[in-house]
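Using the sequences and the hints given, assemble the complete structure.
So the sequence lines, in the order shown, correspond to chains F and A.
Quick note, the first sequence lines up with residues -18 to 419 if you use the working numbering.
Quick note, the second sequence lines up with residues -18 to 419 if you use the working numbering.
Mixed in with the good hints there might be a few duds.
Identical chains blur together in the list; that is why a pair holds if it fits in one copy or across any two.
Straight-line C-alpha distance at most 30 Å; calculated DSS-like pairs for lysine-lysine [what the hints assert, rightly or not]:
(1) Lys350 / Lys417
(2) Lys33 / Lys354
(3) Lys104 / Lys(-7)
(4) Lys343 / Lys107
(5) Lys240 / Lys350
(6) Lys417 / Lys354
(7) Lys252 / Lys62
(8) Lys251 / Lys(-7)
(9) Lys107 / Lys374
(10) Lys275 / Lys(-7)
(11) Lys373 / Lys107
(12) Lys398 / Lys354
(13) Lys(-7) / Lys288
(14) Lys(-14) / Lys354
(15) Lys252 / Lys78
(16) Lys354 / Lys32
(17) Lys321 / Lys354
(18) Lys(-7) / Lys107
(19) Lys252 / Lys344
(20) Lys259 / Lys172
(21) Lys288 / Lys275
(22) Lys394 / Lys259
Hints in this document: simulated from the structure, not taken from any laboratory.
There are 2 protein chains.
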Amino acid sequence: MYLSKLFIPITKDVPSEAKIKSHQLMIRTGMIKQSSAGIYSWLPLGFKVMKKIEQIVREEQNLIGAQEMLMPTIQSSEIWKESGRYDDYGEEMLRIKDRQGREMLYGPTNEELITDIFRSSLKSYKSLPQILYHIQWKFRDEMRPRFGVMRCREFFMKDAYSFDLSDAEAKKSYNKMFYSYIRTFNRLGLKAIPMAADTGPIGGDLSHEFIILAETGESQIFADKQIFEIDLNQYELTEQSLNKMRRDFSSIYAVTDEKFKEEDFAKNVKKENQIRTKGIEVGHIFYFGDKYSKPLNGLIDSHGGKKVAVKMGSYGIGVSRLVGAAIEANYKNDVMKWPKSISPFDVVIITSMGKNSNENLKKAEKIYKELKKQNIDVLLDDVDENMSNKFKKHDLIGIPYQVILGSKSDGDKIEFKELNFESEMLNLESIKSKLKKD
Amino acid sequence: MYLSKLFIPITKDVPSEAKIKSHQLMIRTGMIKQSSAGIYSWLPLGFKVMKKIEQIVREEQNLIGAQEMLMPTIQSSEIWKESGRYDDYGEEMLRIKDRQGREMLYGPTNEELITDIFRSSLKSYKSLPQILYHIQWKFRDEMRPRFGVMRCREFFMKDAYSFDLSDAEAKKSYNKMFYSYIRTFNRLGLKAIPMAADTGPIGGDLSHEFIILAETGESQIFADKQIFEIDLNQYELTEQSLNKMRRDFSSIYAVTDEKFKEEDFAKNVKKENQIRTKGIEVGHIFYFGDKYSKPLNGLIDSHGGKKVAVKMGSYGIGVSRLVGAAIEANYKNDVMKWPKSISPFDVVIITSMGKNSNENLKKAEKIYKELKKQNIDVLLDDVDENMSNKFKKHDLIGIPYQVILGSKSDGDKIEFKELNFESEMLNLESIKSKLKKD
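The structure is reproduced here in structure tokens:
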């Protein structure tokens, strides 16, 4: 893609509501545009990042045997009345009357609808376990939407639902998802730590929030610093390894504020290990047994033929929020550097468009074609602008690798730079191998 | 994927509302489940097909230089008041009040919102041409939703928007999209013919509907049969070839009912070439110039510095509807056969689970692994059910190729069948090469 063709409305006008750096950066680099309070359009640059995150989330859900499907955004109020949450949910639920006067709503979550699908589809324990997920837009009518995509009203979420015959089986599904989340955030280049959490309006008795540390986060956390030292790569998708994983995390104190008790913290964590800080919730998993299957009659024939309410859990990842969270975690000292796995482009060719512009541009186009052939996604900056402005701009756009065609380029050697490192002079073959996908 | 693990609620209970064969088949094979009138969940089998269609649409949009982005589902009423369509749109528009009492709506289309994004992003003719598209859920509150996903309320649509400086330039964008549509439907295995159409509520003076013939279609069409004989593979993405393409199609009479005039038909089409039939609209493209850019102030600096309203077109493809349309086109004599490009799986291994079940299943699993290694997406039918039921079931599920492990399998030779053809005995290597992706 040539930058001059890319629909990327870069701007210096950041509205005063943009208080946090991810919100500011996303507006400045034309990743998003607000259309109403808390409702955004994703422009091509932002869209590319979100799609990459979505795909990693998808692959890691598929890996544990979860099956993808898709529920609609608009739901009937009926099933919410069955579960009893229609009145409880309050004004955050966007309530709608259709032309026939039927009470509808824009789904803020999908426990009811998935239970309805399950109850009319499966009847026997032989079909269990099942994990279903979808990646779909949700709406929560926040009183004060803020922080850009971090707390917006229309947001993109992966939500998964597990169905098991017994508590013991259900815990296995929970552990698989726990493992999937660790892998997912790892691949996104984020250090997200599972913290014991309250179950809130979803209900149930077991819950973890996956949290990345950030001063701008809205979650208060209390943890033993040892939890950040667990080697996340040691676990495998076997029952034994997953049990060890859960034991490892449970044995170290790490909770969100609702679960926090000063005396527990003092008793369980050495003074010098105590961390009190803020974080961003990027995932939340719940086990709630028959909380929804019971009122909604999600029954299954057990081994003996007796009908029992299926045991369920639900598992969310905020896909659109993760774009903002990744910026909060990686935008430092006025330089944004995307993790390789979710960068909008693999590399940018920054071309000086001065006196020798024609020659530089030709060279740039040759390199562009060579890299494209290797299946490398390249942005070519052919905009007529001085190099110092270009560098400032690309410090914000955040593509981690740069090929620089300015005054320095000389013979076969081309200036190559990884953001936050010194540049080096390399030939094209070396650049190709540096950019090769893992 | 093992069929016993797949979430696929196959049923014989088809509700009486399901009048057309695509609707019936999608319910019977557990592709979709209705949650409210005209609102469906896409279960894993249906979801896989829809995703494949979406991906082909995406690739063909990218090929002509269109850039993907994503607009939200919920829009403010303000921009619709600016364009004048807020009152015009009637009850099909799902109107919503948020908790602050603001008038919002669920987007039925996006001309207003994209114009708003454009006007605040680009200022100069130098940034043109631009084509932006998104693939997003829309809502139209149909009075009588029917025919399953063919006329539902919440539906998945690709809509693209082009921006040009002049009518002449805009026609080039229109032609590119025309070409993209021909390629798209071709890859989907559908014979979709562009017919001159009325512009309806979108407005403008140039419009084509892409229509596939089907008795259950809701579009009435009148055409010279020669239009079905145009070789769709002859065109290229060059201005000259695209002009020829448009001339070829314009020179043969083919219109929808709103454009139909009996005397024109009689004058232009020989009696024996006259076709009067029904079809399904799968795509619709419009050129409407400054119909939206003028009231919404979508202005651009032209060469001379004068501000002119940007010239726009819009281009829709019904992605969710195409799933139904593909069934209408390919479900014949009680056998559904998916085109290879959008089949939910590449091949199914149908295993007899009778007396020798263990041996058959082992053999099936070995073949399954071998095919998976070749990146072939295999469904293994390990359900405990007799072969005759299995065949009936797979006649509906519609995977075009079958490996049959029943009584006939013998030594190295395995029974292999393409739907609607006789089966043959092949070794595994030959089967692999038959299934190799094009």
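Right, here's what the structure says about each hint:
In this homomeric assembly, Lys350 and Lys417 come within 30 Å of each other (Cα to Cα) both inside a single copy, at 15 Å, and across copies, at 29 Å. Proximity of Lys33 to Lys354 under the C-alpha cut-off of 30 Å is found in both arrangements, the shortest distances being 21 Å within a copy and 25 Å between copies. Taking the closest pair of Cα atoms, Lys104 and Lys(-7) come within 30 Å of each other only across two copies (15 Å); inside a single copy the shortest separation is 58 Å, beyond that limit. Proximity of Lys343 and Lys107 under a CA criterion of 30 Å is satisfied inter-copy only: 20 Å between copies versus 64 Å inside one chain copy.
Taking identical chains as interchangeable, the C-alpha atoms of Lys240 and Lys350 are never at most 30 Å apart, the minima being 55 Å within one chain and 47 Å between chains. With identical chains, the CA atoms of Lys417 and Lys354 are at most 30 Å apart both within one copy (12 Å) and between copies (23 Å). Taking the shortest alpha-carbon separations for Lys252 and Lys62, neither the intra-copy value of 48 Å nor the inter-copy value of 61 Å comes in at or below 30 Å. For the identical chains of this complex, Lys251 and Lys(-7) are neighbours neither inside a copy (47 Å) nor across copies (63 Å), given an alpha-carbon limit of 30 Å.
Proximity of Lys107 to Lys374 under the C-alpha cut-off of 30 Å is restricted to the inter-copy arrangement: shortest distance 20 Å between copies versus 57 Å within a copy. Taking identical chains as interchangeable, the C-alpha atoms of Lys275 and Lys(-7) lie at most 30 Å apart only when they sit on different chains, with a minimum of 27 Å there against 54 Å within one chain. Only between protomers do Lys373 and Lys107 lie at most 30 Å apart by alpha-carbon distance; the minimum there is 23 Å, versus 60 Å within a single protomer. With identical chains, the CA atoms of Lys398 and Lys354 are at most 30 Å apart within one copy only, with a shortest distance of 21 Å there and 38 Å across copies.
With identical chains, the CA atoms of Lys(-7) and Lys288 are at most 30 Å apart between copies only, with a shortest distance of 23 Å across copies and 62 Å within one. Only within a single protomer do Lys(-14) and Lys354 lie at most 30 Å apart by alpha-carbon distance; the minimum there is 20 Å, versus 40 Å between protomers. Within a single copy, Lys252 and Lys78 get their C-alpha atoms no closer than 55 Å, and across copies no closer than 51 Å, so neither meets the 30 Å cut-off. Proximity of Lys354 to Lys32 under the C-alpha cut-off of 30 Å is found in both arrangements, the shortest distances being 22 Å within a copy and 27 Å between copies.
Taking the shortest alpha-carbon separations for Lys321 and Lys354, both the intra-copy value of 19 Å and the inter-copy value of 27 Å come in at or below 30 Å. In this assembly of identical chains, Lys(-7) and Lys107 lie within 30 Å of each other by CA distance solely across copies; the values are 20 Å between and 59 Å within a copy. In this assembly of identical chains, the alpha carbons of Lys252 and Lys344 never lie at most 30 Å apart, being 59 Å within a copy and 61 Å across copies at closest. For a Cα distance limit of 30 Å, the shortest separation of Lys259 from Lys172 inside one copy, 14 Å, qualifies, whereas the shortest one across copies, 57 Å, does not.
Taking the shortest alpha-carbon separations for Lys288 and Lys275, only the intra-copy value of 11 Å comes in at or below 30 Å, while the best inter-copy value is 64 Å. Within a single copy, Lys394 and Lys259 get their C-alpha atoms no closer than 46 Å, and across copies no closer than 64 Å, so neither meets the 30 Å cut-off.
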